[in-house]
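Visitor: Each chain, letter by letter, is given below.
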Amino acid sequence: MQVNKEKISVVLDSEHSSTEFDEVMSLLKTDESVRRSWHCYQIIGAAIRKELGVSIDSQLVDRIRAQIEKEPTCLAPWRLRNLVDYQFFKPIVSLAVAASVATVAIFAVQQFELMPSTVINQVADTGVLGAHSDATRWDTLSPEMENKMNTYLVEHGEFTSMSGMNGLSAYAKFVSYDAAP
Amino acid sequence: MFKNVLFVAALGIFCTDSAIAKESAQSWLMRMHQAAKTVSYEGTFVYLHDNRIETMQVVHESARGLHRERLFSLNGEAREIIRDKDQVWCYLPNRKMGVHEYRRADASGFPAVRPVRIDGLKESYDLKLGAQDRIAGRPVQLLIVKPKDEFRYGYRFWVDIEYGLLLKVDLVGKQERAVEQYMFTHIVVKSKIDDEQFAPATPKADLVWHGDEKKPPPPNSPSGWTAQKLPKGYQLTSNISRHLPIDNVPIEHLVYSDGISSVSVFIEKLQPGGAKPMIGLSHMGAISAFGVVMDGYQITVVGEVPTATVDYIGRSMSRTN
Numbered sequence: 103m104q105v106n107k108e109k110i111s112v113v114l115d116s117e118h119s120s121t122e123f124d125e126v127m128s129l130l131k132t133d134e135s136v137r138r139s140w141h142c143y144q145i146i147g148a149a150i151r152k153e154l155g156v157s158i159d160s161q162l163v164d165r166i167r168a169q170i171e172k173e174p175t176c177l178a179p180w181r182l183r184n185l186v187d188y189q190f191f192k193p194i195v196s197l198a199v200a201a202s203v204a205t206v207a208i209f210a211v212q213q214f215e216l217m218p219s220t221v222i223n224q225v226a227d228t229g230v231l232g233a234h235s236d237a238t239r240w241d242t243l244s245p246e247m248e249n250k251m252n253t254y255l256v257e258h259g260e261f262t263s264m265s266g267m268n269g270l271s272a273y274a275k276f277v278s279y280d281a282a283p
Numbered sequence: 010m011f012k013n014v015l016f017v018a019a020l021g022i023f024c025t026d027s028a029i030a031k032e033s034a035q036s037w038l039m040r041m042h043q044a045a046k047t048v049s050y051e052g053t054f055v056y057l058h059d060n061r062i063e064t065m066q067v068v069h070e071s072a073r074g075l076h077r078e079r080l081f082s083l084n085g086e087a088r089e090i091i092r093d094k095d096q097v098w099c100y101l102p103n104r105k106m107g108v109h110e111y112r113r114a115d116a117s118g119f120p121a122v123r124p125v126r127i128d129g130l131k132e133s134y135d136l137k138l139g140a141q142d143r144i145a146g147r148p149v150q151l152l153i154v155k156p157k158d159e160f161r162y163g164y165r166f167w168v169d170i171e172y173g174l175l176l177k178v179d180l181v182g183k184q185e186r187a188v189e190q191y192m193f194t195h196i197v198v199k200s201k202i203d204d205e206q207f208a209p210a211t212p213k214a215d216l217v218w219h220g221d222e223k224k225p226p227p228p229n230s231p232s233g234w235t236a237q238k239l240p241k242g243y244q245l246t247s248n249i250s251r252h253l254p255i256d257n258v259p260i261e262h263l264v265y266s267d268g269i270s271s272v273s274v275f276i277e278k279l280q281p282g283g284a285k286p287m288i289g290l291s292h293m294g295a296i297s298a299f300g301v302v303m304d305g306y307q308i309t310v311v312g313e314v315p316t317a318t319v320d321y322i323g324r325s326m327s328r329t330n
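So the protein sequences, as listed, match chains A and D.
Just so you know, we're using the working numbering here: the first sequence kicks off at 103 and counts up by one.
Just so you know, we're using the working numbering here: the second sequence kicks off at 10 and counts up by one.
Keep in mind that a hint or two might mislead.
Derived Cβ-Cβ restraints for the label pairs, each shown as a range [as the list claims (entries may be wrong)]:
#, chain 1, residue 1, chain 2, residue 2, range
1, A, Ser135, D, Asp215, 50 to 60 Å
2, D, Asp215, A, Glu125, 14 to 24 Å
3, A, Glu125, D, Asp304, 57 to 67 Å
Hints are computed from structural coordinates only; laboratory data are not their basis.
C-beta: ideal position from N, C-alpha, C; glycine also.
Take the sequences, apply the hints, and build the full model.
Guide: Laid out in structure tokens, this is it:
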């Protein structure tokens, strides 16, 4: 597991060889724990870089940091301290920190994954966007109609303009569609 | 990362700082349009909506005017979509199901804003430039697109200064609130992408496939359905008749766009003993849908627009012959 995390780290730092990249992509396809780690790294890395935007709960990083501090087990205390101090020293050490943010984030995630599941859920459920309780399924529709609407959605995606990520919008919705009843 | 500057410069989308400073909001839209058609990349993006964060891996190749792409969900079910110049495959491994279609849109590229429509955007939106920032470690220019009425969402586009790629989008609803957000957390521009990157995680043989077995015949002539009234700025951009995959029923598909937002209208004859029709409004995140039955046809309007828009267009549909 640790080896896999190191490989992910290398890819996230863009220091990978083509073989390493292929290996990580292969792991992402087959290993749920790797997918989960990758997901957490992305989110926390983006949160630390303040790239998640104003709509994300601005205290997300603080909550993660506070939870890490509470953890009795500390795999990497000096890196944890870097994370805790990050905001205070950012103006001074921004250039130096920029190079290591991804690494800091990875160690933060290692702590994050040690949290009780209730805490992880709490962080994951941090108020992201919108007010609807479930936006990954069509509301009010029968299963049969849902299938038809999803087909319409893919069809619509073929004609979507640049309102999404270069046309990815409708496809992203389809890929993320919640199939669970 | 991003070592292929010469490659992109050769495409004519590399800009100097001074040139960037002089660019208008319209110019940035044009650059987004160009980059979507010319730049190949692989990366990871997050899709944030309501109380959820979805992470997706994407590989996109633009080469010699042709495009192919693979989206792979990194959360939950390993759903994926692979599309090339004329086909789309949707993999739903948990359902043991796949959907295959021949693409309907212009095979020359993904639909996007055309230059002629960019001038027309002023009718529906106020465009202005915001601050420069960083996304996924890349310098970006913020472009603010504010709607002039309630028939479309607003947008905040963060555009990669060097390549013109769209690295982050906020879909903005009422009170300037972001309804949805797409953002790359990692992206690498590539001059070439290996075929293996477009291989599915789930073997095709593991799924039961639905949809087109062979390339469908050219679309039939439209049957005469049209919207009698449209919200300001929207125009008919496509109208084709064909068969829908899975249940293979004939439908007419009309697309209305204001240059950024798009709305699809699907018209399907109700079958005796068929599915119960959809009537009224439904939604999924920022996507709105409206259904109505007219003259024995199910009319379904779908779009990433406020409910007012699908309701307005759906109620104005009529058959002229």
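Visitor: Any hints from earlier that this structure breaks? Give me their numbers in increasing order, please.
Guide: 1
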